[in-house]
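What follows is each chain in one-letter form.
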Amino acid sequence: MNDTSRPQSDARRAFLSQLGLAATYTGAVAGFGALGVAQESSAKSESPAATESFPTPDYDWTQHQWAFGVDATKCIGCLRCVEACKRENDVAGDAHHFRTWVERYVYIEGETRARVDSHHDPVNIAASGSEGEYRFANRYKDEKVEKAFFVPKLCNHCTHPACVQVCPVGATYRTEDGVVLIDHDYCIGCRYCVQACPYGARLFNEEQGVSDKCTWCYHRITKGLQPACVEVCPVGARVFGDMNDKQSPISLFVRNNRVQVLRPESGNAPNVFYVGIDREVV
Amino acid sequence: METLVNAAPFTGYVYPNETIIPWTVLIVVYPYLTGLVAGSFTVSSMYQVFGMERFKPVAHLALLVSLCCMLIVPMPLLLHLGHPERALNSMITPHWTSAFAVFGYAAGFYIILLILETWFVYRPYIVQQAREGRGLLRWFYQMLSLGSDDLSEKALSYDRKWIFALAVIGIPSAHGLHGYIGFVFGSLKAREWWSSDLMPLVFLFSAIISGTALLIVIYVVSCWLRKVPVDLPCLKGMAYALWGFMMFTLLLEGVEFASLVYRGREGIEIIMEYVKGPLLITFFFLQFGVGSLVPLTALSYMIWRGTTGRALVVGVTTSAALVLFAVLMMRWNVVIGGQEISKTGKGLVDYQPTVLGREGLLAAASLVVMPLILLSLAVKLFPPWEKRLTPSPTSNAS
Chain F
1 MNDTSRPQSD
11 ARRAFLSQLG
21 LAATYTGAVA
31 GFGALGVAQE
41 SSAKSESPAA
51 TESFPTPDYD
61 WTQHQWAFGV
71 DATKCIGCLR
81 CVEACKREND
91 VAGDAHHFRT
101 WVERYVYIEG
111 ETRARVDSHH
121 DPVNIAASGS
131 EGEYRFANRY
141 KDEKVEKAFF
151 VPKLCNHCTH
161 PACVQVCPVG
171 ATYRTEDGVV
181 LIDHDYCIGC
191 RYCVQACPYG
201 ARLFNEEQGV
211 SDKCTWCYHR
221 ITKGLQPACV
231 EVCPVGARVF
241 GDMNDKQSPI
251 SLFVRNNRVQ
261 VLRPESGNAP
271 NVFYVGIDRE
281 VV
Chain X
283 METLVNAAPF
293 TGYVYPNETI
303 IPWTVLIVVY
313 PYLTGLVAGS
323 FTVSSMYQVF
333 GMERFKPVAH
343 LALLVSLCCM
353 LIVPMPLLLH
363 LGHPERALNS
373 MITPHWTSAF
383 AVFGYAAGFY
393 IILLILETWF
403 VYRPYIVQQA
413 REGRGLLRWF
423 YQMLSLGSDD
433 LSEKALSYDR
443 KWIFALAVIG
453 IPSAHGLHGY
463 IGFVFGSLKA
473 REWWSSDLMP
483 LVFLFSAIIS
493 GTALLIVIYV
503 VSCWLRKVPV
513 DLPCLKGMAY
523 ALWGFMMFTL
533 LLEGVEFASL
543 VYRGREGIEI
553 IMEYVKGPLL
563 ITFFFLQFGV
573 GSLVPLTALS
583 YMIWRGTTGR
593 ALVVGVTTSA
603 ALVLFAVLMM
613 RWNVVIGGQE
623 ISKTGKGLVD
633 YQPTVLGREG
643 LLAAASLVVM
653 PLILLSLAVK
663 LFPPWEKRLT
673 PSPTSNAS
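Going line by line, the protein sequences match chains F and X.
Mapping to the working numbering: the first sequence position 265 is 265, numbers consecutive.
Residues are numbered in the working numbering as their position in the second sequence, beginning at 1, plus a constant of 282.
Careful: at least some of the hints might be erroneous.
[Claimed, not checked] Straight-line alpha carbon distances no greater than 30 Å define the calculated BS3-like cross-link-like pairs of lysine-lysine that follow:
{"no.": "1", "chain 1": "F", "residue 1": "Lys246", "chain 2": "F", "residue 2": "Lys74"}
{"no.": "2", "chain 1": "F", "residue 1": "Lys141", "chain 2": "F", "residue 2": "Lys74"}
{"no.": "3", "chain 1": "X", "residue 1": "Lys558", "chain 2": "X", "residue 2": "Lys509"}
{"no.": "4", "chain 1": "X", "residue 1": "Lys628", "chain 2": "F", "residue 2": "Lys144"}
{"no.": "5", "chain 1": "F", "residue 1": "Lys74", "chain 2": "F", "residue 2": "Lys147"}
{"no.": "6", "chain 1": "F", "residue 1": "Lys86", "chain 2": "X", "residue 2": "Lys662"}
{"no.": "7", "chain 1": "X", "residue 1": "Lys628", "chain 2": "F", "residue 2": "Lys147"}
{"no.": "8", "chain 1": "X", "residue 1": "Lys471", "chain 2": "X", "residue 2": "Lys628"}
{"no.": "9", "chain 1": "X", "residue 1": "Lys471", "chain 2": "X", "residue 2": "Lys338"}
{"no.": "10", "chain 1": "X", "residue 1": "Lys471", "chain 2": "X", "residue 2": "Lys558"}
{"no.": "11", "chain 1": "X", "residue 1": "Lys662", "chain 2": "X", "residue 2": "Lys509"}
{"no.": "12", "chain 1": "F", "residue 1": "Lys141", "chain 2": "X", "residue 2": "Lys628"}
{"no.": "13", "chain 1": "X", "residue 1": "Lys662", "chain 2": "X", "residue 2": "Lys338"}
{"no.": "14", "chain 1": "F", "residue 1": "Lys86", "chain 2": "F", "residue 2": "Lys144"}
{"no.": "15", "chain 1": "F", "residue 1": "Lys86", "chain 2": "X", "residue 2": "Lys443"}
{"no.": "16", "chain 1": "X", "residue 1": "Lys436", "chain 2": "X", "residue 2": "Lys662"}
{"no.": "17", "chain 1": "X", "residue 1": "Lys662", "chain 2": "F", "residue 2": "Lys74"}
{"no.": "18", "chain 1": "X", "residue 1": "Lys443", "chain 2": "X", "residue 2": "Lys509"}
[Stated by the list, open to error] Chain F residues, not near chain X, derived (Cβ > 12 Å throughout):
{"no.": "19", "residue": "Arg104"}
{"no.": "20", "residue": "Gly110"}
{"no.": "21", "residue": "His119"}
{"no.": "22", "residue": "Thr172"}
{"no.": "23", "residue": "Gly178"}
{"no.": "24", "residue": "Arg191"}
{"no.": "25", "residue": "Leu225"}
{"no.": "26", "residue": "Gly236"}
{"no.": "27", "residue": "Lys246"}
{"no.": "28", "residue": "Asp278"}
[As the list claims (entries may be wrong)] Residues from chain F that face chain X, not an exhaustive set, calculated with beta carbons under 10 Å:
{"no.": "29", "residue": "Glu88"}
{"no.": "30", "residue": "Ala92"}
{"no.": "31", "residue": "Arg115"}
{"no.": "32", "residue": "Cys167"}
{"no.": "33", "residue": "Ile188"}
{"no.": "34", "residue": "Gly200"}
Calculated from the structure, these hints are not laboratory results.
C-beta: ideal position from N, C-alpha, C; glycine also.
Sequences are here, hints too, so could you generate the full structure?
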């Protein structure tokens, strides 16, 4: 759990401890289970957010059931989520390691299949000038585009995760609150999980010799914050929250929309719910 | 960081993380070596368990080949692991839902079994050397004899019982070990290229032909080196076995591929694009053409015409060498092929192996050669061609 126990910046820690102590905190973070955190923290001398330990000591993972929503109709492909994720989680800055990414689907007039690309495509890298800068090149400007949309992707934190099933040592596991995590101190680096994920959501950290993946920013959500990608999305295309809280953004998202999941036939039962994708989305 | 990453170019759309092939050429070598273990053990068992006398000249050699390959089997895995020092975690805290969790136990069990069987087979020789040897070697054999000094008929008969029992247990163990590797691939639903119920069987039968082929080559080369004539009935027996099991292997591979194409599930277009493109050379030309059809035709011709003498030796050995190559290509086409077809079903990745480095071609080639080096040492210490090391096993069922 190196990624999540990594020391936070001092400024952020200070900010968090203020947040943790504040009574208004509960309401401010759209109420995903922060009530429990605040109540328990009041009985202690220090804010749960002030400690570096992980998960937050008085965080009760039986009280939450996290889920994620993506509204593809809102995504503008600005890729701030990708950048925020890379920075927040210290993901390698090249075009081959992503905990989250955005796909672009473009239907050209006269073509039956969508043209798909992502920011790791050489054309898009050439447009941005660097693998560490994420951009969608304006490559279809001379084509007649019939339909186009972006699809943000990330780990689906499946209810029946194929990656957890195949881990030979149990280094990766599903938490009580519905997040699939990796114990980086126990992973042997066999990459079986990378193979098993039907969504290509797992990556390998060559530097540390272990598998890596999206954690829904577990170090943030257990402190009542939003995942970094959700936090920075300027259009609200990414929604996150606690399904146990009927009024949370994700509960409302799932209740008020006709949502679908990716590759339901895999039997993995994903917990990232999509709105506004169509048949070509893989 | 840059030097650590060996990114692969791609066409179409592939998931960003797929541009780094997770399982490299080392994971091609791993099932290849395991296959050789299972295959050569099969030949050894034909004599030890089924009492087929014609395989006697290679029975002990087969056991040594199996052991030498098996000792190297964990190496490609350890080299591949991001944290090899944690490898034993899979045995300390096995996660039973993982097909991989069994490997440590299965491999450990099988290595112990092989060592035990080899020890019983060579016990008379070890005891003899411990008595008659000189200097350091005598001391070495004395250590190995573990205090046993009894070469009476009663003791030898006891040995034979052990050898028979171990060989019987060894058959399902060796084949189980290899079949399970097929399961590691076949059970993955994320990759259409791998996801097949036939995968364990395809692996198993190709293992048997590769082990038999390796034994043919090693046996003929060893006869040539020792300047002794090749035992033709034995060679012919192995050629028959190779021919028969090749038929099964080709049939199974054909059925597997046919059902993949016939089912035509999502992503079949990209699979066909892959088959017609990058696979043309590695599969159709090398694995199927040069490695399978040519030796199969040659073997069929030799069996049909009753070829014998030098022509048989050259023909069978060449065929066997081609089969060895074909099985290596089969492992490549399965392991690398599965990863070159993107999970998106919309693109292909082009694996670019490095020559140097921990997961490079050089490391992989060294691992393939290493069992042969071990074997050349092993045959010096435990000559497998000595006559009457152990009496015939025909009476061992008693």
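Which numbered conditions among the earlier hints are violated in the structure presented, ordered from lowest to highest?
When the structure is compared with the hints, numbers 3, 6, 9, 14, 15, 17, 18, 19, 21, 22, 24 and 29 turn out to be violated.
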